[in-house]
Amino acid sequence: MKQQKIVYSLLIMLLLAVAPAASAKITLSLDRTDIHENETFHLRVQVEEVNTLNAGANMDFIPEEITVRSRQEYNSSIVVNGQYNTQMGWDFELLANSPGTYTIPALSIGNERSEAFTIRIFPEQDDIGDSSNAQIKLRAKLSKEEVYVQQQLIFTVRIYRSVVARNQKITPVRVTNALVEQLGDNKTFDVVKDGNNFRVVEQRYAIFPQQSGEMTIEPITYSATVLEENQGRSPWQRSQLKPINLSTQKYRINVKPKPQNAAEPWLPATKLQLEAEWQPKNQTFRVGDPAHLDFIIKGTGLLKTQLPTVAFPDQKGITIYRDTPQYRQRINRFGVNSYHFEKIAIIPSEPGSITIPEVKIPWWNVETDQQEFATLPSRTIRVEQSSNQISSSQTQTVIPKDQQMAMQQDNQAFPENSESNTTVNDINQDYWKYITFGLAALWLLTALLLVRQRKNKHRMADTHHTDAQVKAHSPANAIGLKHAINAANNNDAHLTAQSLASWLRSDESPAAATNITQFIGLCRDSGLSELSDELELLQHHCYSRHADDISSTRRWRGRKMARLLAGYKSPNPHKNEQKLPELYRRRH
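First residue of the sequence shown: 1, per our numbering; consecutive thereafter.
The set of hints was computed from the structure by calculation and includes no laboratory data.
All values reported here derive from a predicted model rather than from experimental measurement.
One thing to keep in mind: the hints can contain errors.
As the list claims (entries may be wrong) - Estimated spans, in silico, between C-beta atoms of each pair:
| id | residue 1 | residue 2 | range |
| --- | --- | --- | --- |
| 1 | Asp-185 | Thr-375 | 46 to 56 Å |
| 2 | Asp-185 | Gln-83 | 46 to 56 Å |
| 3 | Pro-219 | Arg-555 | 46 to 56 Å |
| 4 | Phe-312 | Gln-72 | 52 to 62 Å |
| 5 | Thr-375 | Gly-352 | 19 to 29 Å |
| 6 | Asp-34 | Asp-91 | 13 to 23 Å |
| 7 | Asn-489 | Phe-312 | 26 to 36 Å |
In this text, a Cβ means the ideal position worked out from N, Cα and C, and glycines have one as well.
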């Protein structure tokens, strides 16, 4: 038995030792993805262990159709948040020989693994396909010659040079009636053609025309100085610098107006998506408890300023509080991608199944030239009662003992409503006289008790009413509300909401509501519009992401809330008073 335990322990230690190594991963990445024939590009292969770096030093895994111009090993350490982060692997400079899609198979080096990696090579660009022997060439290209108003247009500028240039300058892009965004930093690579090697500097811009008609892109001008070639010059003579000035042509683009059949808002894009996710997932929905939803709009080929504000339709049974949207804009070589992030708080006000309607946004697909709709499907949630409502519904009415005795004797006084009727009918006829006398005595006793009970009942009702009034205005009842008023005076929104919720759930509250949402409806129905408005502002602030930002200028001010709560008088001051029905109505 002892030997088995030792074996099991060794196996567990072995598995723990192997687990980190098995999870190690080799990562492959490219410096750019828009790669054409005869262009160079860089591939980085990153590993996590030194043993892997040593084991893969001589491995050849690059496809034959791609030429390896250089391979360099790197191993560096940087400090991030006080911790060392080591990066190691290989950097490859590669040359694309022919167009096509090439795959680097999954790598297995030492204890590390990688997934298969695909490299796509596009056909050669004709930018330098002229007969001139110029050492420097300037080229520009448009992605389209005709676009819609506010549609993205890609403008690419390339400088080819086969010599060293100094004092390089290039003028910025100038466009009439358009917004211009540079797509990242300049990219540098080589183009090898007909035995000549050109160093290429590429700039890309996204242009968004703001007016239909003709849009003009002014010529781009490039200037630099290069060493002048003079074969007859003595090696002792000083080198002469020759200035270079180049310009592109002027481009004219036809900008089409919005189609007449296009819906509003006008969103000419490559793609538009709507997404929503509950936070946390698979949460339980209860009356009065906020449920949080992350809402996202993703637009490809749109600026963040073009993304619309979505209107959520009103729905019975829920109240929607929306945070201020956050916008992000990401840029790559293919254009602009924009994102709309929004936090939404949904508070159910009644139990049962509630359907949140679908949301649709129209957009114009510039690739198919057709109207399309981005849709967020409807969602049905099952709302449960709040815990306080459940406990209240399970509470049973307690009847005083003296009333229970009177009710029991009353049942005996009317035998047609009890089982005694059947018993009397079935009893032996010889004893009917004794039964009659007994029932008469019981009837008299019941009558006396009822008279006494009636007097006590009026006395108890008066006492109970007085106690309820005292309780509603007693210091004990004011404690929970007092906390809420103090928190409001201190401009503490979260503490105010918590104190109000606790007060409403307690027996101290005279209001016929068990949560803030119900309290808002009660105030609105009772004509207390100021208090209901302040309560809605309080809830909206509590579910806003800016609520916790101390430096925010939108801090909640609770003085008005405190004043309104201090003067609150419930329209139904005895929500917990349960009155028993009278046995006999009073005669007037």
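Outcome of the hint check:
{"no.": "1", "hint": "Asp-185 <-> Thr-375: 46 to 56 Å", "in the structure": "violated, 37 Å"}
{"no.": "2", "hint": "Asp-185 <-> Gln-83: 46 to 56 Å", "in the structure": "violated, 29 Å"}
{"no.": "3", "hint": "Pro-219 <-> Arg-555: 46 to 56 Å", "in the structure": "holds, 53 Å"}
{"no.": "4", "hint": "Phe-312 <-> Gln-72: 52 to 62 Å", "in the structure": "holds, 54 Å"}
{"no.": "5", "hint": "Thr-375 <-> Gly-352: 19 to 29 Å", "in the structure": "holds, 25 Å"}
{"no.": "6", "hint": "Asp-34 <-> Asp-91: 13 to 23 Å", "in the structure": "holds, 20 Å"}
{"no.": "7", "hint": "Asn-489 <-> Phe-312: 26 to 36 Å", "in the structure": "holds, 34 Å"}
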